[in-house]
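K.L.:
Go ahead and model the full structure; you've got the sequences and the hints to work with.
Chain by chain, the residues:
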Amino acid sequence: MLVLSRKKNQGIMLGDDIKIAVLEIKDDIVKIGIEAPRCVTILRSELYQAVREENTTAVASDGNVVELLKDFFAGQGKKG
Amino acid sequence: MKVQTTRFGTVEIDEGKIIAFPKGIPGFEQLRRFFILPVEGNENIRWLQAVDEPAVALLVIDPFVYFKGYSCDVPDHIAKELGIKEPAEALVLATVTVPPGNPAATTANLLAPIVINTRLHKGRQVILSGSPYTTKHRLFREVPTPEAKGSSGKTAGVAEKNIPPAAKKVSGKGGV
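Going down the list, the sequences are from chains F and W. For the first sequence, the numbering used here gives the first residue as 1, with consecutive numbering after it. For the second sequence, the numbering used here gives the first residue as 1, with consecutive numbering after it.
I should point out that these hints are in silico values taken from the structure, not numbers from a laboratory. Bear in mind the structure is a predicted one, so any value in this text is a computation, not a measurement. Backbone N, C-alpha and C fix where the C-beta goes; we use that ideal spot for every residue, glycine too. Treat the hints loosely; a few may be bogus.
Derived DEER-like restraints, expressed as beta-carbon distance ranges [claimed, not checked]:
(1) F:I25 - W:E15: 16 to 26 Å
(2) F:V30 - W:T134: 19 to 29 Å
(3) W:P38 - F:Q49: 30 to 40 Å
(4) W:A105 - F:Q49: 34 to 44 Å
(5) F:N64 - W:P87: 28 to 38 Å
(6) F:K19 - W:D73: 20 to 30 Å
(7) W:H77 - F:L23: 21 to 31 Å
(8) W:I18 - F:R6: 40 to 50 Å
(9) W:P87 - F:D71: 25 to 35 Å
(10) F:C39 - W:E15: 50 to 60 Å
(11) F:M13 - W:G69: 19 to 29 Å
(12) W:Q4 - F:Q10: 47 to 57 Å
(13) F:G15 - W:G41: 43 to 53 Å
P.N.:
Put into structure tokens, the structure is as follows:
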């Protein structure tokens, strides 16, 4: 990992069209501004991590739920 | 072609039905090919099975059916990447997670729908940014008794939101 030290209002360029700036440093929170083309997905990394974990857990899912879901729909059908 | 799967044994599938996931999906980035296995008796529930890893199969549902009012705005650059020209050729699926031993607490991931171009057989999981959804939305609202799990489907409770009219279930796709 590349490590750079930056002060407030200093920035970093990633390639030609991504600009990252440190906007504010307060207590242990750093406010970061990002300028990037729309086609660049910007996500908090914990969000990506959450989706990763969800997928991994989902794979271990119990197949029983299929029956639950089907019964649920069948119940609805009878009412209608 | 024949595909080995842990859950379904050896499955014969039409190679044309394989869906390419050029980036894999988070957690399974190395898996680039999946296919859809329908669940008999309910077109809204399917399995998304990895071609190259027998143990990887995700249960997926139609989020629009189970969560009334659900909407997902696929960013333009992702629609473009998937070659989606019109909404009709996009298939949106939500993965379902069943907590071990507690199927009644099943959740759907509405934050990261799997979007598939049904014409080009290309897909990716899209993490919606600035979305009100999370990775865990309860599918069933109420569970009368804890021991109800698995034994009787009638205790499955009610979906979090409204359900479509019964007609939707019966009518199917108008079959050709």
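K.L.:
Okay, which hints does this one fail, numbers in order?
P.N.:
Violated hints (numbers, rising): 1, 4, 10, 11; every other hint is consistent with the structure.
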